[in-house]
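> Read the sequence shown against the working numbering and you will find it ends at 270, with the numbers running on by one and no gaps.
Note that these hints are calculated values from the structure, not bench results.
Predicted, not measured: the structure shown is a model, and the values here were computed from it.
Mixed in with the good hints there might be a few duds.
[As the list claims (entries may be wrong)] Here are the simulated lysine to any residue pairs, SDA-like style, with alpha carbons at most 25 Å apart:
(1) 2 / 137
(2) 70 / 204
(3) 44 / 231
(4) 70 / 220
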Amino acid sequence: MKNDSILPLTRVITAVVVLFLVAAFGILFFLPDRTGELFAWAIKPHMSSMYFGSAYLGGAWILAQTAFGKRWHRVQAVFPAVTVFTIAMLVATLLHWDRFSLGTIPFMAWLILYIISPFLIPALWIYNRRTDSNLPEESDLNVSPIARLVTRIFGTLVLVFVLLGFIFPNLLIPIWPWTLSPLTARVLCGWLSVIGTGAWAISLDPRWTAWRAILEGIFIAYSLIFVAAAMNPADFSTGIFNWYTALMGIMLIAIFVFYISMESRRRKAR
Numbered sequence: 001m002k003n004d005s006i007l008p009l010t011r012v013i014t015a016v017v018v019l020f021l022v023a024a025f026g027i028l029f030f031l032p033d034r035t036g037e038l039f040a041w042a043i044k045p046h047m048s049s050m051y052f053g054s055a056y057l058g059g060a061w062i063l064a065q066t067a068f069g070k071r072w073h074r075v076q077a078v079f080p081a082v083t084v085f086t087i088a089m090l091v092a093t094l095l096h097w098d099r100f101s102l103g104t105i106p107f108m109a110w111l112i113l114y115i116i117s118p119f120l121i122p123a124l125w126i127y128n129r130r131t132d133s134n135l136p137e138e139s140d141l142n143v144s145p146i147a148r149l150v151t152r153i154f155g156t157l158v159l160v161f162v163l164l165g166f167i168f169p170n171l172l173i174p175i176w177p178w179t180l181s182p183l184t185a186r187v188l189c190g191w192l193s194v195i196g197t198g199a200w201a202i203s204l205d206p207r208w209t210a211w212r213a214i215l216e217g218i219f220i221a222y223s224l225i226f227v228a229a230a231m232n233p234a235d236f237s238t239g240i241f242n243w244y245t246a247l248m249g250i251m252l253i254a255i256f257v258f259y260i261s262m263e264s265r266r267r268k269a270r
């Protein structure tokens, strides 16, 4: 069945996950002072809470296109990225068990989600990928080999950084522009792994339509992270303008320019 369809089971499960992600965004971004009671653990400072919330919304955007979209190949790259992320969250939970709000409903929801997801997400990917014909859509474009190579190199660098930071959080904590604990450092690395793994996944597919949703989700997440930074300047030890916000800005500009360029070319090709 090579019709590029998103199968009903995939739609239903991702729709349920989207509800969790949107709820997490609302709590983490708008109620950072209440994460101890409303989320799985008390997250400090506000910048960390709002960063994670922004990332959840970016993920919700991509998975919503899985739940309600038309074509599997447009969203399939997010599944390897989410798999790596959920594994990182489960490991971080086990390593920092005492930091969580044990016995609460938010923690139990967190624990159940990240016990099931490392198995469920790749199973859905394997289950649905059989529908991909590997053919481009009508008026689709091929991403250039250079752009794919640059994306792959970028993803590799991010994943190396993530691996070192996750295994040795004490290497990451001193250089990060706002205060991290070993737990938040590892969770942060988990979110960064989504970028690294996602970059690798899309770089393997030349179809522009397989890139769009991933880039949109990253752009939404990091635009909101900039908003969070502007709202919490006191959380930054070296000021809001630092190496990390500079890299975020460069990445957002690159995504914006590349996206507009590809969409413009696609419209002209119709």
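> Each of the hints needs a verdict: does it hold here or not?
The hints, checked one at a time:
{"no.": "1", "hint": "2 / 137", "result": "holds (13 Å)"}
{"no.": "2", "hint": "70 / 204", "result": "holds (21 Å)"}
{"no.": "3", "hint": "44 / 231", "result": "holds (15 Å)"}
{"no.": "4", "hint": "70 / 220", "result": "holds (21 Å)"}
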